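Chemist: Taken in sequence, the protein lines are chains Z and L.
Each residue of the first sequence is one higher than the one before, counting from 0 in numbering that gives the first Met the number 0.
Each residue of the second sequence is one higher than the one before, counting from 0 in numbering that gives the first Met the number 0.
Quick caveat, the hints were computed from the structure, so don't treat them as lab data.
Nothing here was measured: the structure is a model prediction, and the numbers come from that model.
Please note that the accuracy of each hint is not assured.
[As the list claims (entries may be wrong)] Between beta-carbon pairs, the in silico distance windows are:
| # | chain 1 | residue 1 | chain 2 | residue 2 | range |
| --- | --- | --- | --- | --- | --- |
| 1 | Z | L24 | L | G98 | 49 to 59 Å |
| 2 | L | C69 | Z | G35 | 24 to 34 Å |
| 3 | Z | E134 | L | N49 | 32 to 42 Å |
| 4 | Z | E190 | L | R85 | 53 to 63 Å |
| 5 | Z | G129 | L | G205 | 23 to 33 Å |
[To be verified] Computed footprint of chain Z on chain L; a stretch qualifies when at least three of its residues, placed anywhere within it, have a C-beta under 8 Å from a C-beta of chain Z:
| # | segment |
| --- | --- |
| 6 | 58-72 |
| 7 | 194-201 |
For glycine and all other residues, C-beta sits at the position ideal for the given N, C-alpha and C.
2 protein chains.
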Amino acid sequence: MTQLLRVQNFCVSSDGIAAGEDQSLEHPFGRAVDPGKLFAWAGATASWPNRTDPGGSRGLDDYFTRDFSCNIGAEIMGRNKFGPQRGPWRDHEWRGWWGDEPPFHTPVFVMTHHERPSFTLSDTTFHFVGGDPAEVLARAREAAGGKDVRLGGGVTTIRRFLEAGLVDTMHVAVAPVKLGSGLRLWGSPEELLDRYHLDVVPSSSGVIHHLFWRK
Amino acid sequence: MTQLLRVQNFCVSSDGIAAGEDQSLEHPFGRAVDPGKLFAWAGATASWPNRTDPGGSRGLDDYFTRDFSCNIGAEIMGRNKFGPQRGPWRDHEWRGWWGDEPPFHTPVFVMTHHERPSFTLSDTTFHFVGGDPAEVLARAREAAGGKDVRLGGGVTTIRRFLEAGLVDTMHVAVAPVKLGSGLRLWGSPEELLDRYHLDVVPSSSGVIHHLFWRK
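Generate coordinates for the entire structure from the input sequences, incorporating the hints supplied.
Modeler: If you want it as structure tokens, here you go:
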């Protein structure tokens, strides 16, 4: 079986923006971006990993949220997905945004130049790793035990892996909201068509799912 | 977690026909129905369980074929999906259409009034069970170890479970081919709208995915 690097459920605005530039503890996606608007489609599904109550839709959008953990053995994320800090770690108190039960349930490789010991929350272990995308992917593949690796974002990290030619499949949900400024995944999805096939799938929820896979 | 009964990747013609009436060893779907026409969309995907070569598409259709085994702990099938025999078993030589490596990888409950000992091929064990749909579902749920149960078909079996109100979600791929006569799932998908939500999702492959979930 091929061991893929997969981007899943990555949400951008209609103008391609995934996050604001002014990330903080209070505004994980930056002050200009309300993540509720980008993620509303996912939160409405039965399989949304953060769902705590029963219910939720089980139509098209639910296929994407329940695919989140299917055959995934590790995640790679950028440091800015892990937390709002910059530069050397002052201490090790920050353990991510996700509380005591992070939704990953696998090893997670946080890309950073600043060393920090690994730690475990529930069944998720966070490792802090330097190196370029290819090196980090090699480590994540080894940890994934034959399963696929999820590239969790943020947007800067995804762009680095796309530029390095390492992404095998990518699901981007384009929300019907325009943001104007912020950290941009693309000017247009067509920028990737030289290297990827693309299925464009409108959902009844209003988002347009974009499914890329390598040519 | 809710333990669902799910119909997945069930293929019908544009006029709702899933199989011919004259099933035989040579024509598992009946003489009038070429399964290649109904299943072509699935066979083209990377995750088609019967795929033996690399390649295949990883767009929308692939989400459905790779969802086939995600969080499934047991399958229920009608006897006519298992084989072309009718009436009491003459012997136990027939072990299904799928060779030594059936694509199920879980316990499979074959509904039949005619007793037969269980047997195992690779990691799939076939059990032969009487009883009505609710009784068979109870046994399959217990065997599924907390995971969902797949309702594998054929069309007569799916209709029985729908009539008993036991199906939680159902994915039907409607192929762009008209068959005229045979075993019919429905006159129109609208027949289910009193009990189910429906997402209708056209694919670039030409099939139209119909996703039902309980109201």
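Chemist: The structure should be examined with respect to each hint, and the outcome stated for every one.
Modeler: Hint check:
Between Z/L24 and L/G98 the Cβ separation comes to about 57 Å, which falls inside the hinted range of 49 to 59 Å. Roughly 27 Å separates the CB atoms of L/C69 and Z/G35, a value that falls within the hinted 24 to 34 Å. In this structure, Z/E134 and L/N49 meet the distance hint of 32 to 42 Å, their C-beta atoms being roughly 37 Å apart. About 58 Å separates the C-beta atoms of Z/E190 and L/R85, a value consistent with the hinted range of 53 to 63 Å.
The beta-carbon spacing between Z/G129 and L/G205, approximately 48 Å, falls outside the hinted interval of 23 to 33 Å. With a threshold of 8 Å between beta carbons, the proposed coverage of the segment 58-72 of chain L by chain Z holds, since 9 of its residues qualify and at least three are required. Coverage of the segment 194-201 of chain L by chain Z holds [criterion: at least 3 residues with CB-CB distance below 8 Å; count 4].
The structure does not agree with numbered hint 5 stated previously, though it agrees with all others.
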